[in-house]
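Protein chains: 6
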Amino acid sequence: MRFDKRKNDEIRTVRITRNYLKYPHGSVLIEFGDTKVICTAIVEEKVPQFLKGSGQGWITAEYNMLPGANAQRKQRDITKLKLDGRSAEIQRLVGRSLRSVTQLEKLGERTIWIDCDVIQADGGTRVASITGSYIALYDAISYLINAELLKENPIQYHMAAVSVGIVDNEPMVDLCYAEDSKAIADMNVVMTEQGNYIEIQATGEARPITEVEMDQLLLMSKNAIMQIIQIQKQVLELKS
Amino acid sequence: MRFDKRKNDEIRTVRITRNYLKYPHGSVLIEFGDTKVICTAIVEEKVPQFLKGSGQGWITAEYNMLPGANAQRKQRDITKLKLDGRSAEIQRLVGRSLRSVTQLEKLGERTIWIDCDVIQADGGTRVASITGSYIALYDAISYLINAELLKENPIQYHMAAVSVGIVDNEPMVDLCYAEDSKAIADMNVVMTEQGNYIEIQATGEARPITEVEMDQLLLMSKNAIMQIIQIQKQVLELKS
Amino acid sequence: MRFDKRKNDEIRTVRITRNYLKYPHGSVLIEFGDTKVICTAIVEEKVPQFLKGSGQGWITAEYNMLPGANAQRKQRDITKLKLDGRSAEIQRLVGRSLRSVTQLEKLGERTIWIDCDVIQADGGTRVASITGSYIALYDAISYLINAELLKENPIQYHMAAVSVGIVDNEPMVDLCYAEDSKAIADMNVVMTEQGNYIEIQATGEARPITEVEMDQLLLMSKNAIMQIIQIQKQVLELKS
Amino acid sequence: MRFDKRKNDEIRTVRITRNYLKYPHGSVLIEFGDTKVICTAIVEEKVPQFLKGSGQGWITAEYNMLPGANAQRKQRDITKLKLDGRSAEIQRLVGRSLRSVTQLEKLGERTIWIDCDVIQADGGTRVASITGSYIALYDAISYLINAELLKENPIQYHMAAVSVGIVDNEPMVDLCYAEDSKAIADMNVVMTEQGNYIEIQATGEARPITEVEMDQLLLMSKNAIMQIIQIQKQVLELKS
Amino acid sequence: MRFDKRKNDEIRTVRITRNYLKYPHGSVLIEFGDTKVICTAIVEEKVPQFLKGSGQGWITAEYNMLPGANAQRKQRDITKLKLDGRSAEIQRLVGRSLRSVTQLEKLGERTIWIDCDVIQADGGTRVASITGSYIALYDAISYLINAELLKENPIQYHMAAVSVGIVDNEPMVDLCYAEDSKAIADMNVVMTEQGNYIEIQATGEARPITEVEMDQLLLMSKNAIMQIIQIQKQVLELKS
Amino acid sequence: MRFDKRKNDEIRTVRITRNYLKYPHGSVLIEFGDTKVICTAIVEEKVPQFLKGSGQGWITAEYNMLPGANAQRKQRDITKLKLDGRSAEIQRLVGRSLRSVTQLEKLGERTIWIDCDVIQADGGTRVASITGSYIALYDAISYLINAELLKENPIQYHMAAVSVGIVDNEPMVDLCYAEDSKAIADMNVVMTEQGNYIEIQATGEARPITEVEMDQLLLMSKNAIMQIIQIQKQVLELKS
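Residue numbers (our numbering), protein chains in the order written: chain E, 1 to 240; chain L, 1 to 240; chain P, 1 to 240; chain D, 1 to 240; chain Z, 1 to 240; chain A, 1 to 240.
Hints are computed from structural coordinates only; laboratory data are not their basis.
When the alpha-carbon atoms are kept at most 25 Å apart in a straight line, the in silico DSS-like pairs for lysine-lysine are as follows: (1) Lys52(D) <-> Lys80(E); (2) Lys82(A) <-> Lys74(D); (3) Lys74(A) <-> Lys52(P); (4) Lys7(P) <-> Lys182(P); (5) Lys80(D) <-> Lys80(L); (6) Lys239(Z) <-> Lys222(Z); (7) Lys74(L) <-> Lys74(E); (8) Lys82(P) <-> Lys74(A); (9) Lys151(E) <-> Lys52(E); (10) Lys106(A) <-> Lys233(A); (11) Lys52(E) <-> Lys80(L); (12) Lys52(A) <-> Lys82(Z); (13) Lys182(Z) <-> Lys22(D); (14) Lys239(P) <-> Lys151(P); (15) Lys239(Z) <-> Lys151(Z); (16) Lys182(D) <-> Lys74(D); (17) Lys222(E) <-> Lys7(E); (18) Lys233(L) <-> Lys106(L); (19) Lys52(L) <-> Lys46(A); (20) Lys74(D) <-> Lys52(Z); (21) Lys182(P) <-> Lys74(P).
The structure presented is a predicted model; accordingly, all values stated were derived computationally and were not measured.
Chain E with its partners taken away, still in its complex shape (with noise of 0.2 Å):
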């Protein structure tokens, strides 16, 4: 039995509160059990560069980690002058996500920023931010298409992500960091509610994973991620 009492298949409790800030065009508070991020989307009438006049928007993302957020403190990056190597994969992975599910040539030329910041880290962090960024984008979306910025929806697919990995040589999933410290090999899976990768990241940290391994771990995920998209549906009061 695990850590905190759940089945190896057994996702955390998740929760999402919608319009947790009152200033950004979307704002998330989203828990993995004691792992807290608050996600947000906000909409800039400009695009980078290299898409001026390309007629098509853009969205991107920075994940960040408050000092307090695990058990021995995080020093800033400002402080070390360097963005954080594990913050910069991170952010790139959750901007990739975000921008797969979402035809940019239909969001016009603009921007649409993601910040994610981990208030509190107990394992998951990237795909709680992954999972909660999605519905901030969806409220600053939605907010394009009332203000009449916006005439369709640009999103294609719902998507969740979620971790798995091989503890004690047994597949899990939703590791707690408890587990994720001691895991084998760890996996983050982004996928559509049809079903289809949007992202893979699997790594084998103590050893490799094995043909079999990596068929039960990808299912384990598709399980659980259809049920956070559930979850993610309910919040959003659209039809499961």
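Following the hints, put chains L, P, D, Z and A in place on chain E, whose structure we already have.
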């Protein structure tokens, strides 16, 4: 009458949520109306170079705004590779204020790291940061005492902070953003329960401040701070 | 009696050398005793982004200490890739003070760059910087008027600054370094010729400041500033 | 048929030049077609802070592109004072991959620095970097064994990496730049000689990847990696 | 006799490989013995701000060493967030040297970016960089002429560079690292085919250089440069 | 005749003010005409990492221009987060020059920090910096000898520096800015009292320098340096 129907000498609702996060030794969500700041206090068992071997402790503070805290997205410091000048000024103020009510020689050779992260800004973020950090510091000190790492409480005075300003030629307390942005002058006051000054920062923005106005502002801030200290003491379950 | 035989309410000799350098539109060497600061004012015919098209001008200040200005060599900011926090705080103070006596809308869309470089530090470098920069600004404005680039003088008030503090429980004016380093409290006051406050920054370093002390310090600073403004006016060959 | 007449499951010519430079303990020029990367491995007899006293070693990687490696000149990181986000992601991948085939506890308290400098980029630079670095690492380990600084080889598995992707709705292996830039999806796979996964990074760029496609891509990458490992073993003069 | 059996006035084998890379307009691998530098020249159809509208072009150079180029691994500049001081000095020398043989007003409003990346360092990297960059520049100019973007060749003089120095009190040419590291004095000379000086940088490391020695060094460098220019002209298939 | 009526071989008035500042061990204001540089020498009782335990000392230099030193305001390095390339080159030159006249093994394990801050620039700031720093270094060494921290003077040679150049095809000494900005070639020479070369940096800006011109420039610089060394020795109250 004021923007939000308050009287000139009336503060906004102040809410303090203790133990807001699970890892830091002290952590608080403080709200002055719509202004919301996460304040944490984390103990580190070492001191800066200049205090090594002195037997004395240190308190240092960092202040930051989340990108979505304002009406306009705020670029992260790391993007510009520069600590925001305003943040630099504020975090020095927070650190000085907390140090001045603490007997550092009784803290032992350890540092208490204070982190103030503004998640929503509606005026008065620096005074909310000081007021909230005081509670986080108090809880971190209590942790040290409970863990028998400290015998005596090094905190000497209860203290809180408030902003005052001159808006439409009238002195007002606890300015929200709409008031602050059109203030003729503004002032931040940090004061002990005994009514003594820890810090005053007064600025004549649009015109200099007369002596009569200065007296009014100082009196108004004193009354407000006494109210806020009572709220702090209730939260700390101390006799008022 | 004080370290250098001054009375508590006695300022050090203030010397102001105008036209100290040949290129800037205004340049001053100001001395408060052994504290020596080069203050320059340079006109640039453009404004920061947020003022473009506003018809309004801007005044901005930078403050720096030469490595040999103190008893201990000060590492250059560029070596650490960080603007010193204290410098950040001071240059914001200098800029705010000068802007608050100037009608920026009468300056035209141009920026006046103020640079304060401390070549020798013996306490009071920030107030010397403000006092000296005022003269450099005055000369740069005169240049603009003489060059017929400005019709009307946008400076509204004469002003100067001084430090006061509590040393050995006595209020004193214009602290030198030896006094400053053992001060219980210190305060910097920027004031107009009319006796109105432009800036107050008061800090209880070792203990809070009582109301009685605050009154003494404010009175003492007022008297000192009135003397310094007379010195400024003599240097500018204006009627006192 | 593909751009360069290859079949979909056909890799480009892979060339590995060992002992490419005279100073590093291991150094390789690896070519995947026109993609050329210099990979070096340098032993340093100390470990990062977090491993001091652990008896364990470390492998860390850095990745960089020369300005002239691409059709458009790439600005150096130092000019922007920021490590390129893509480079940050890749060098973390290279480091993780090499560490996961090495028993770090058998390496002793020393660090092996891997440097991948791309001198010409035509797609697949990250998989070429991993594949070439493996040989450089192997040679640095051999140096340690020959110098009797190590008794046992800490490398557990032979490994290599390849890219696969979906271009014009067809799965293809070892994409060159012209293919990569129009790929619907791309995936980088790092695998051991035993056919187990060390890393998978899959991205649906233009649309999500179906399960069927995922299976095809995984199979195709496996076959390619087995060929590349044979090339590595020939270069190392090992039995295949 | 010298370390590698050369006579005092004998240069190492100089090899120049043109068209070393496929993307840049000019690209060269230059070798002075074991010193190996990749030099590229890339045309950009714009000029720095200070030349806009001048009708004049610009040539600028960057110099860098790969981490594995030396016996001891060289930390990347981006890790320290600072351009290495020696690199800064060298790249300014390379840029000045190339500009001084080129009529920039005949280049048109375009910039030629020169990149010198040292892949192996055995003394004389700066003179190899200048000598190789000249060929890369020549080829980039030829590209512009062939593409009919330029009518006239703006290069005025053939030129090359060499190092000389005093080792064991004897003047020597083209010092390798082992000689350079014990040199009493060293000098880098850049000279035209006509025997005129473009740059001299002479440094008395261990003691000052006498006038007699200076004359010897200048003569020795002249003879060497004449030989190197012949090699350049052969590579360019020009009459010597 | 020259701009300021000097003859071609005539230097500007050189003024050296010793003990210019009260804290540094050596401090000088040096003036070459309107060029004014503050040079300080500060002793620190430790050495850089690479000299620890060697028994040898070190001399290092930093060079900077104040923003108002030139006709156009110079942005501070910290604003751009980059040490100016020209400053980097100059401070390396200053450091090398001072080290080459000093027996570092006789200095003991201590560093002498040289700081050159240009307060007004009118050509020749680097040679003024070297010439002035020599006096500051001399005074810092005298302080060490007087404090009985050194027994023997490690300075071996008196030295000074001057600029020469070709303007309107005529060789001239000690160029002011107006001359420097139109010079065909310029050269900085650092020389000992014995007439031996410490450093030569010659650059053909607009065209290469002929051998005849080189000889003229070297002779002219030698005569000038001999005069400047006499001025230094008078200031130091030494026999000439």
